[in-house]
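A.B. asks: Sequence:
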Amino acid sequence: MLKTVLALLGAVAVLAAASPQKTAWGDPDLQGIWAQKYQIPLQRPGRDAGKPTLTAEEVKQREAERAQQAASAPKRGDRIAPRGTLEDLTGAYDIVFEADPIDTSRPIGPRTSLIVDPPDGRIPALTPAVQARMREMRAFMLALMQSVDACKRSQDIACFGVKPGPVSPRRNEPPPYYLAAQIMGDRVINRADGPEDFGLGERCLAGGLPNFGVQQIVQSPGAVSILYEGWQRVIPITNAPHLPSAVRQWHGDSRAHWEGSTLVVDVTNFTPKTDYQGSRENLHLVERFTRVDANNVEYAVTMDDKTTWEKSWTVKVEMARQGAKANAIYDEPRCHDGNIALKDMLIGARMDDKAFAERRGPDPATMCYLLCGTGNPEYARQRQEGRGGGAGPTPAGPAGPTR
Numbered sequence: 016m017l018k019t020v021l022a023l024l025g026a027v028a029v030l031a032a033a034s035p036q037k038t039a040w041g042d043p044d045l046q047g048i049w050a051q052k053y054q055i056p057l058q059r060p061g062r063d064a065g066k067p068t069l070t071a072e073e074v075k076q077r078e079a080e081r082a083q084q085a086a087s088a089p090k091r092g093d094r095i096a097p098r099g100t101l102e103d104l105t106g107a108y109d110i111v112f113e114a115d116p117i118d119t120s121r122p123i124g125p126r127t128s129l130i131v132d133p134p135d136g137r138i139p140a141l142t143p144a145v146q147a148r149m150r151e152m153r154a155f156m157l158a159l160m161q162s163v164d165a166c167k168r169s170q171d172i173a174c175f176g177v178k179p180g181p182v183s184p185r186r187n188e189p190p191p192y193y194l195a196a197q198i199m200g201d202r203v204i205n206r207a208d209g210p211e212d213f214g215l216g217e218r219c220l221a222g223g224l225p226n227f228g229v230q231q232i233v234q235s236p237g238a239v240s241i242l243y244e245g246w247q248r249v250i251p252i253t254n255a256p257h258l259p260s261a262v263r264q265w266h267g268d269s270r271a272h273w274e275g276s277t278l279v280v281d282v283t284n285f286t287p288k289t290d291y292q293g294s295r296e297n298l299h300l301v302e303r304f305t306r307v308d309a310n311n312v313e314y315a316v317t318m319d320d321k322t323t324w325e326k327s328w329t330v331k332v333e334m335a336r337q338g339a340k341a342n343a344i345y346d347e348p349r350c351h352d353g354n355i356a357l358k359d360m361l362i363g364a365r366m367d368d369k370a371f372a373e374r375r376g377p378d379p380a381t382m383c384y385l386l387c388g389t390g391n392p393e394y395a396r397q398r399q400e401g402r403g404g405g406a407g408p409t410p411a412g413p414a415g416p417t418r
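Each residue of the sequence shown is one higher than the one before, counting from 16 in my numbering.
Watch out, some of these pointers could steer you wrong.
Unchecked claim - Here are the simulated lysine-lysine pairs, DSS-like style, with alpha carbons at most 27 angstroms apart: (1) Lys369 x Lys358; (2) Lys37 x Lys331; (3) Lys52 x Lys37; (4) Lys52 x Lys75; (5) Lys321 x Lys331; (6) Lys66 x Lys52; (7) Lys358 x Lys66; (8) Lys288 x Lys331; (9) Lys37 x Lys75; (10) Lys66 x Lys326; (11) Lys288 x Lys358; (12) Lys288 x Lys321; (13) Lys167 x Lys178; (14) Lys167 x Lys369; (15) Lys52 x Lys331; (16) Lys358 x Lys75.
As the list claims (entries may be wrong) - Just the calculated beta-carbon pair ranges, DEER-fashion: (17) Gln76 x Pro189: 45 to 53 angstroms; (18) Gly376 x Gln46: 53 to 61 angstroms; (19) Thr329 x Pro377: 43 to 51 angstroms.
Keep in mind the hints are simulated off the structure, nothing from the lab. Glycine included, each C-beta is placed from N, C-alpha and C at the ideal position.
Model the full structure from these sequences, guided by the hints.
C.D. replies: This is the structure in structure tokens:
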């Protein structure tokens with residue numbers, strides 16, 4: 016009899032361990048602080064074409080390569096321009112407080128891309144209309160850079176593609192489109208006439224979807240709340256329709272339902288003031304959150320926008336539980352100190368205007384307000400390419416000022 020009872024108790028324990036965690040009201044439990052488990056690029060690099068996964072030996076080799084890159088890359092605090100020059104001052108805040116260009120905080124993952132569909136691990140081709148919009152925006156950006164003195168002396172990240180010349184007549188034109196996309200770091204154009212000339216990160220508006228960064232999930236009956244760095248979304252679990260198409264929001268309109276143990280979230284109604292990989296107001300996301308075990312959650316999201324990409328594409332991210340200690344600064348948005356940097360940058364630009372008008376300083380059109388002086392060309396390329404892994408371009412983390 017005792018043996019039978021012990022056997023039954025053992026069977027119950029096994030079943031309990033194999034069952035998905037549940038909340039007190041019976042929904043699958045996704046609660047916790049979750050962060051990317053591995054360092055995996057968003058798109059599959061050319062060196063891994065046709066190879067969706069790495070062997071254990073290849074992962075070990077990539078770890079060694081990354082360590083070597085990190086050891087040789089410029090570090091925070093390195094002086095990269097003569098003291099007192101504009102290039103020395105530009106980006107000085109970021110050089111001190113930003114992370115080093117080679118991220119070594121997570122192990123390299125076995126997959127070669129976060130993108131799992133299409134099978135080539137690459138973002139599908141952009142539609143001709145979006146390509147034309149990007150060309151028009153880049154032409155406007157380059158026009159405002161052609162008179163910058165720093166671009167006559169170097170080919171830093173902000174100067175790529177610039178042909179030096181006189182002050183462009185386009186300097187006083189409004190941008191052809193709303194400055195949502197961040198072309199060079201957090202800055203979009205080389206002008207500081209008003210806050211709209213700055214990138215969304217410098218305006219503390221960069222948090223958005225899809226988000227592959229750290230997230231804290233909290234559940235209640237009928238709703239799921241997700242806290243990201245700097246913003247929060249509350250997702251109703253409902254069959255109600257989306258908001259009317261005339262209503263547009265920074266983070267879209269989310270509606271969720273359960274498919275077994277997976278939370279499926281449908282997101283539409285984005286504003287045209289946001290931009291993810293070229294997609295704006297027509298972005299449609301289908302997110303899937305699945306609890307794998309006590310310490311892991313799988314996050315998958317399908318991006319669809321027929322006006323932007325030739326076909327939809329899907330990203331899958333392994334998320335691991337993080338303790339509160341590992342997220343000691345998580346609740347404090349890392350945008351800029353006291354939310355005063357944008358005001359200070361605009362004040363600085365007006366002082367530049369005044370100095371030029373009084374013949375005490377250079378023409379602001381010849382000054383660089385982008386990423387001039389933030390490193391040698393190789394360092395600049397590493398920053399632009401996100402070398403060293405990571406999730407690739409994401410709108411998740413507001414960045415600090417670059418001026």
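A.B. asks: For a quick check of understanding: which of the numbered hints are violated here, in increasing order?
C.D. replies: 7, 9 and 16
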